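Here the protein sequences come in this chain order: F and P. For the first sequence, numbering that gives the first Met the number 0 gives the first residue as 0, with consecutive numbering after it. For the second sequence, numbering that gives the first Met the number 0 gives the first residue as 0, with consecutive numbering after it.
In case anyone wonders, no lab produced these hints; they're calculated from the structure. The model shown is predicted, which means the values in this text are computed figures rather than measured ones. Ideal placement from N, C-alpha and C gives every residue a C-beta, glycine not left out. There could be a bad hint or two in this list.
Unchecked claim - Simulated DEER-style distance windows between Cβ atoms:
(1) P:ALA32 to F:ARG34: 55 to 63 Å
(2) F:ALA28 to P:LEU98: 36 to 44 Å
(3) F:SER144 to P:ARG82: 39 to 47 Å
(4) P:GLU187 to F:LEU80: 49 to 57 Å
(5) F:ASP145 to P:ASP31: 31 to 39 Å
(6) P:ARG51 to F:ASP145: 16 to 24 Å
(7) F:ASP33 to P:GLN1: 50 to 58 Å
(8) P:ARG79 to F:GLY141: 32 to 40 Å
(9) P:LEU88 to F:ALA158: 26 to 34 Å
(10) P:CYS3 to F:ALA28: 48 to 56 Å
(11) F:ARG34 to P:LEU88: 22 to 30 Å
(12) P:GLU187 to F:ARG76: 44 to 52 Å
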Amino acid sequence: MAWEVLMTQARPEAAVQTEADADRRLVEAFRAGDRRAFEQLVRRHQRPVWAIVQRFARDRDVADDLAQRAFIQALERIAELRGGFRPWLLRIAVNLAKNHLRDTAKLVREDDAPQADEGERPQLEGAIDEARRAQRVRQAIGELSDRQREVVLLRVDGALSFAEVGESLGITENNAKVTYHHAVRRLRELLGGGVSDAAL
Amino acid sequence: MQPCEDRIPALVDFAAGELGGAERVQLERHLDACPACRAEVALMRGVETSLREANPPIDDLALASFPYRTTDRAEQFRDRSLRGMWWSLQRGARFALGLSGATLALSLVLFASTRAPAPVAQRAPATESAAVADGTSTTAEEGFDLLGTSEIHPLTASTDSSTQGAISDDAYDTATLDQTLDSLSLEELDQLAMMLGQSPS
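Taking the hints into account, I'd like the entire structure generated from these sequences.
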């Protein structure tokens with residue numbers, strides 16, 4: 000174990016490979032009947048998967064279903080895994096989210112927004128504003144090209160490095176950065192005044 | 000105002016706080032002198048902040064039970080896959096058995112159909128010569144009994160008691176089988192082998 004630690008410090012790519020091997024072993028252990036192996040695998044990667052799918056899910060149940068399906072699909076297609084498990088898994092999640100977005104493409108109508116009694120209005124107004132902002136961002140992301148959308152989701156929600164984004168999508172790290180930049184500019188146009196001000 | 004194209008990868012890293020060392024120092028000097036690149040960094044940070052804020056926080060309560068619920072579903076998938084493989088194996092085994100049975104029946108029929116000529120053909124020269132000798136013969140072919148029935152054809156009938164048993168059904172033993180196979184042409188043997196699932200010579 001100490002040797003592994005030294006190796007991963009010396010060569011970061013070795014750390015990725017070790018982690019990828021560990022993930023594969025967990026899948027194999029589960030297929031041999033070890034339930035806890037799969038629970039451990041899920042626990043390791045559930046946050047970024049959830050972050051990706053819940054952006055496009057109308058409610059928690061849908062997000063839960065999409066997230067579960069990402070892991071089940073990964074299990075089903077494990078033979079296709081070549082590099083790291085997480086970039087590959089998150090790409091599956093992005094595709095599921097994209098398909099869900101396509102299948103449920105519908106604007107949130109005004110009368111879909113939560114209605115409030117007079118007394119509850121102040122509390123709900125904030126919630127409505129938040130929901131609307133989330134919806135605008137969701138729509139803007141939906142208007143990006145497939146590749147731009149993938150890069151943005153893997154980077155922002157999946158918290159992958161650009162090297163991992165490139166690995167997930169089969170492009171170079173540089174290409175991932177340039178694509179991300181173009182996507183950001185496009186989102187800025189689509190969101191207009193809805194973008195936070197950030198100082199250097 | 001467009002940023003410097005060749006600086007974009009570095010700007011992306013800088014905006015994310017992932018640029019370090021000499022590269023960072025160099026870019027900071029450039030940013031001091033380039034308002035377009037400065038604006039680009041601010042834009043990237045602003046958009047990323049907006050994206051993160053627009054994504055609701057993850058429900059930790061839902062997440063706590065997520066591994067168990069997902070594993071339940073994964074187990075169902077795994078068990079269904081194993082059952083599917085098992086039924087496929089069973090179907091395959093049943094099909095193979097059925098095919099073997101049909102092949103065996105067909106090969107027995109073929110053996111039976113090719114059995115008769117060999118004993119008759121082997122006896123033919125003797126009976127023919129005998130028939131020629133006593134002047135009552137026709138060609139052995141006229142006595143050729145394709146089905147190997149027990150009926151002894153008058154033209155090929157032999158008075159030799161040692162061969163009489165060879166043409167009866169009861170005498171179809173291993174030696175006769177070998178004789179039968181020896182009498183088949185290479186083409187016929189190949190066809191028989193293919194029916195039995197073997198590769199031809």
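Here is what the structure says about each hint:
1. P:ALA32 to F:ARG34: 55 to 63 Å: holds (60 Å)
2. F:ALA28 to P:LEU98: 36 to 44 Å: Holds, at about 39 Å.
3. F:SER144 to P:ARG82: 39 to 47 Å: Distance hint for SER144 (chain F), ARG82 (chain P) holds at roughly 42 Å.
4. P:GLU187 to F:LEU80: 49 to 57 Å: holds (53 Å)
5. F:ASP145 to P:ASP31: 31 to 39 Å: holds (38 Å)
6. P:ARG51 to F:ASP145: 16 to 24 Å: holds (22 Å)
7. F:ASP33 to P:GLN1: 50 to 58 Å: holds (55 Å)
8. P:ARG79 to F:GLY141: 32 to 40 Å: The hinted range 32 to 40 Å holds for ARG79 (chain P) and GLY141 (chain F), with Cβ atoms some 34 Å apart.
9. P:LEU88 to F:ALA158: 26 to 34 Å: violated (43 Å)
10. P:CYS3 to F:ALA28: 48 to 56 Å: Since the Cβ atoms of CYS3 (chain P) and ALA28 (chain F) sit about 51 Å apart, the hinted range of 48 to 56 Å holds.
11. F:ARG34 to P:LEU88: 22 to 30 Å: holds (25 Å)
12. P:GLU187 to F:ARG76: 44 to 52 Å: holds (50 Å)
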